[in-house]
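Student: Protein chains in written order, with the working numbering: chain Z, 71 to 635; chain F, 71 to 635.
Please keep in mind that the hints were generated in silico from the structure rather than gathered at the bench.
Treat the hints with caution; some may be incorrect.
It does not matter which identical chain is used: a pair holds within one copy or between any two.
[To be verified] DSS-like mimics (lysine-lysine), calculated; alpha carbons at most 27 Å apart, straight line: (1) Lys582 to Lys343; (2) Lys562 to Lys246; (3) Lys359 to Lys82; (4) Lys469 to Lys167; (5) Lys152 to Lys167; (6) Lys343 to Lys411; (7) Lys253 to Lys75; (8) Lys600 to Lys167.
Number of protein chains: 2
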Amino acid sequence: MRISKLLGERIKETPAGINIKSHAYLIRAGYIKQVSNGIYTLLPPAQRVNQKLQSIIREEMDAIDGQEVLFPVVMPRELWDKSGRYSSIGQELLRFKDRTGHDMVLGMTHEEAAVHACLSTVRSYDQLPFMIYQIQTKYRDEARPRAGLIRVKEFTMKDAYSFHLTSDDLEEYYEKVYKAYEKIFTRMGMKDFIAVKSDSGMMGGKIAHEFQLLTDIGEDSIVICDECKYTANMEVAKCQLEENDHVFGIKKEVFTGEAKTIEEVCNLLNVDKKHTCKAVCYAVVGNEKDVVIAFVRGDREINEAKLKALVGSDIAVKDLTDSGLVKGNIGCLDLKIENAKIFYDRSLEGLENFVTGANKEEYHILGVSISRDVKPESFVDITKVNDGDKCPICVKPLKVKRGIEIGNIFQLGTKYTKSMGMLINTPNGTINPIMGCYGIGVGRCLASIAEQYSDEKGLVWPMAVAPWHIYLCPIRIDDESVKNTSERIYEKLNAENFEVLYDDRNVSAGIKLKDSELMGIPVRIVVSPKTLENNEVEITIRETGEKFFVPIEKLSRKLDEIVVY
Amino acid sequence: MRISKLLGERIKETPAGINIKSHAYLIRAGYIKQVSNGIYTLLPPAQRVNQKLQSIIREEMDAIDGQEVLFPVVMPRELWDKSGRYSSIGQELLRFKDRTGHDMVLGMTHEEAAVHACLSTVRSYDQLPFMIYQIQTKYRDEARPRAGLIRVKEFTMKDAYSFHLTSDDLEEYYEKVYKAYEKIFTRMGMKDFIAVKSDSGMMGGKIAHEFQLLTDIGEDSIVICDECKYTANMEVAKCQLEENDHVFGIKKEVFTGEAKTIEEVCNLLNVDKKHTCKAVCYAVVGNEKDVVIAFVRGDREINEAKLKALVGSDIAVKDLTDSGLVKGNIGCLDLKIENAKIFYDRSLEGLENFVTGANKEEYHILGVSISRDVKPESFVDITKVNDGDKCPICVKPLKVKRGIEIGNIFQLGTKYTKSMGMLINTPNGTINPIMGCYGIGVGRCLASIAEQYSDEKGLVWPMAVAPWHIYLCPIRIDDESVKNTSERIYEKLNAENFEVLYDDRNVSAGIKLKDSELMGIPVRIVVSPKTLENNEVEITIRETGEKFFVPIEKLSRKLDEIVVY
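Here chain Z stands alone, though its shape is the one from the complex:
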């Protein structure tokens, strides 16, 4: 490809409002262009990376007997009514009417379509197990798109669905996909990814893993034990808590006036947060009557994913002043409220001599004992893990890191095959097959690699997914000999199936070298009057900065050694 004709421009300055490295570089290096909030056009370099990512995914899906299909982007409401998700999913599912007034949706995931494809076409147990997958455009009406291709509305995704007779068979296949995913991300050139246990969210099902690329700009919090390799998404991460001190206290109401937050109350009364109990109140989404009150020790934070799983519905933080509660003074003693589900976090277990709200304006209660005064029926785990908490397996300190979710795998169970009536004949009667589903966000992989493998000069593509292998960079192309040699090298390398981006512009060396770095092409070949004095070219490896000269007649052989993946 001659850069003079390449669609897209390289720009020096990061456009205003962009503060994520990969986003800035992908725009500055001419990879993507925003069409609307969260909606992008992939320009030629990005589409080349996209295609390479897809090829890797396709090969590994085929290697575990995946059958590629193509589901529709636009689907009728009926399909999503059957699974119940037409009403259970929020606004991120884009619903609209077609010209006849029929309710349609834009696919953000395709469990319904996958089961539909199998209804009546798979009938007998000897057709199982099998896996189908597609690589297709998805749309998710994301409320807050951000960070370029990392959180978008429209994206390319590989989604796969497997069907099994038994849970054992699903588990065995799940393990295969797990390994295929490790291969895929490794082949894409990612080094810092891990698989973590996760919440299965709106997909339903029980066991699920996310593949996370660790990076500081990640949206997810990942809990990791360096010792025993325990990993989990914060949403489901566990830790061991130290036992609370047994310190006797005398219950006593005190005036705390304007002190409302845990910080304010602790300051006023000179107590440690660990000797307080705070309340967080929630509404149950889709059920106006019910509310949820969660009590946790003052030094810990609520993990809403865990709480949501316990409640069994979506929840949203709510001010319960209307229900007679006193904001800032809610306490776990003598709480008077109807239709409330009350949860006590296990951090409160055995807690003595602590402070909680008095459930009246301007007062708190000191010296409360959870076992003497509150007597909850049970304690639950509804808090987040903090950096330094103890590993649930080996008790060593846990780390909390940030990650971008690049893929996920779910053991779905029969949620969809049951609701949609997919039945398989077996020698022992009919059953609903057990499903697994497996996603990889292709565009997000592109952005994650750009984020993690880039430096202060620009992108640094791994060889396997780089848009081109080689940036052929004549310096002083107005020099006849430089130009002729460069053209000859370009033709030769193309013929040898190297992918070459040829900077055929008559611009300064500075612009060319900067562009080659910004675009992140792995190997740069400089041809200049000086290198030609010795009949050489200069090679620079983008990742390491290593530079060396190679005689022109040995160039192809040298590149054979370098361009490997």
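Starting from the structure of chain Z, add chain F where the hints point.
Tutor: Leaving out everything else, chain F in the frame of chain Z:
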């Protein structure tokens, strides 16, 4: 691929309501499954064909310096407002609101997105010419989906956009694309396709060609001269008309009572249709005041595409009784109507002694002369070509055939670059680049090939696009020797990169042979106790029915000869 695990079933009977061969076979052979009216899932065999079609297209687009990009499926209204198409395109453009109430559309074509991608990224004349293309899902809210994948709402399309400094440069590139299209369809295995001149429709622009696969179930009428190779879509086809006889007549009003249609009037007055003039009335869509009246000789039919092009707006047949016209008695003499654009077809030129309506109930006028009595300012070509009309080039009789449009190419001009403000700096100031656009319906190619290359037994895929090359068909797989030999052949052929569909089911020979024919796999290999007596297999070529025996040890060599494309 083992057929026992292949998603999809083969069915004997054509489901009710399906009367197009390709539609029936694609469903019966397990290639596609309908999700909603005009919306399909491609099952694995169809997706394999789809991928091969895409590869051919991609290779030929790259060969003419195409740069692959990916535009969004969902686009904001603003983009389509700029070109004016948000309001000018009818209901087939699906419009909806996202969660924030923003007006969005589903892409049915991407001229706007293509220009958007170039705005500010292409600034200088030396960046031109270039061509960008994508292969992406499109949605068109089709009022009447039909014939399986031939007319659908959602489809995969290759669309390409080129940008040029001069019309000459566009024409030169247009010719390149024309040739690339011929290569593409030839490589796909199509034999009966032609390129025809066409109307540029809603795309704007002047010169356009459609690539049509000729088949009786085609939706388009194509006019063809076997002699000089003139071809054109009926919408723009021309023909030479014979001169009208000069027969003097005396103008005279006659009572024609209930006779309203041309047939009735001709019968009553015993005149030939060629000596009548009929009127067809239209409303101008989007403009309530204006109407259009088209007069043509009674034996010819209005070509609404030509008329629409003359009017410059969409038109719809309308009863103009409200405007004071007398339905069935409208004539070209003494016509009294306001705000009417009146057109006279060239078939009326020189017509003498003809019958036309008297513009009053129950009367017509005989003996009218167009030059003496009507004196139109001009005649236009607004009629269809009939089978047997004279070729506009060589005067030989024309044929009218049916075709499916599988691709199209347009010289767009500056419609989009002007309206969207794309400016290029040249040594002589700034200009709006001149565009070409080029489409291929991938799913429609699949269906067209299925339609044209199939027989009474099922599909007959050309080798280059067949989902698999070989149908490996053991007869009596319960026989240990048949099974072992088949497994060995399967492994060996896979290792040799043949694409093999292996019928590993323990079902009757009849079912297997019928399925292999229905699915249309080009080469069938039968392994049976009988063929093994001589250490042979039997090969059948699907297209020709040719059968022969090959010693097992020579099988690979023989297949190397057969599996070529």
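Student: Hint by hint, say whether it matches the structure.
Tutor: Hint by hint, here is what the structure shows:
1. In this assembly of identical chains, the alpha carbons of Lys582 and Lys343 never lie at most 27 Å apart, being 58 Å within a copy and 74 Å across copies at closest.
2. Taking the shortest alpha-carbon separations for Lys562 and Lys246, only the inter-copy value of 25 Å comes in at or below 27 Å, while the best intra-copy value is 42 Å.
3. Proximity of Lys359 and Lys82 under a CA criterion of 27 Å is satisfied in neither setting, with 56 Å inside one chain copy and 56 Å between copies.
4. In this homomeric assembly, Lys469 and Lys167 never come within 27 Å of each other (Cα to Cα): the closest approach is 48 Å inside a single copy and 43 Å across copies.
5. Within a single copy, Lys152 and Lys167 get their C-alpha atoms as close as 18 Å, and across copies as close as 24 Å, so both meet the 27 Å cut-off.
6. Proximity of Lys343 to Lys411 under the C-alpha cut-off of 27 Å is restricted to the intra-copy arrangement: shortest distance 25 Å within a copy versus 86 Å between copies.
7. For a Cα distance limit of 27 Å, the shortest separation of Lys253 from Lys75 across copies, 24 Å, qualifies, whereas the shortest one inside one copy, 36 Å, does not.
8. Taking the shortest alpha-carbon separations for Lys600 and Lys167, neither the intra-copy value of 66 Å nor the inter-copy value of 60 Å comes in at or below 27 Å.
The earlier numbered hints that this structure contradicts are 1, 3, 4 and 8.
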